[in-house]
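Peer 1: Turn these sequences into a full structure, and let the hints steer you where they fit.
Every number in the numbering used here is 747 more than the matching position in the sequence shown, counting from 1.
Hint data in this document are derived by calculation from the structure and do not stem from the laboratory.
Incorrect hints may have been included.
Listed below are the simulated SDA-like cross-link pairs for lysine to any residue, each with C-alpha atoms no more than 20 Å apart in a straight line [stated by the list, open to error]: (1) 837 - 857; (2) 837 - 809; (3) 837 - 796; (4) 837 - 864; (5) 837 - 801; (6) 837 - 856.
The structure presented is a predicted model; accordingly, all values stated were derived computationally and were not measured.
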Amino acid sequence: MGNNPSSVKYETNEKKKVTIVVDEDDPCLKKEDKINKEDKFQSQGFKFSPGDDPRFQQQNQTQRCFVMYTDFYRCQHILGEGSEACTWFKDVFTSICPRAWVEQWDELRLSGRLPWHKYKTQGAFPGNKYGE
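Peer 2: If you want it as structure tokens, here you go:
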């Protein structure tokens, strides 16, 4: 029984304890709502830049600019002013639209002459929430 490998008993080493030091200020550990993206980017000199939108694949972003502007105000109409869900639209249109356009559209919108469908929605969904 001495040389048979199946009969040899292996001694196990004691398990070592590992301590991990965690930095409480690590931004990866903070929740998304605690990180204010404006403060983070502005303190480093960066500005918000929207990602690619597959609906607007051309270099000319004029249509995207107008759609995001109107979608922001449509979202505010549907969800209420100050809704956090609408801020993405505002971030996008303020980053890609020239200020002069936004100012002109604001004047037209407030005077009721902007050609857009403020109350347009996708309509009622057919059936109940389970698609019946």
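Peer 1: Decide, hint by hint, whether the structure agrees.
Peer 2: Hints, verified against the model:
no. : hint      : result
1   : 837 - 857 : 17 Å, holds
2   : 837 - 809 : 15 Å, holds
3   : 837 - 796 : 12 Å, holds
4   : 837 - 864 : 18 Å, holds
5   : 837 - 801 : 18 Å, holds
6   : 837 - 856 : 15 Å, holds
Comparing the model with each earlier hint shows no violations; every hint is respected.
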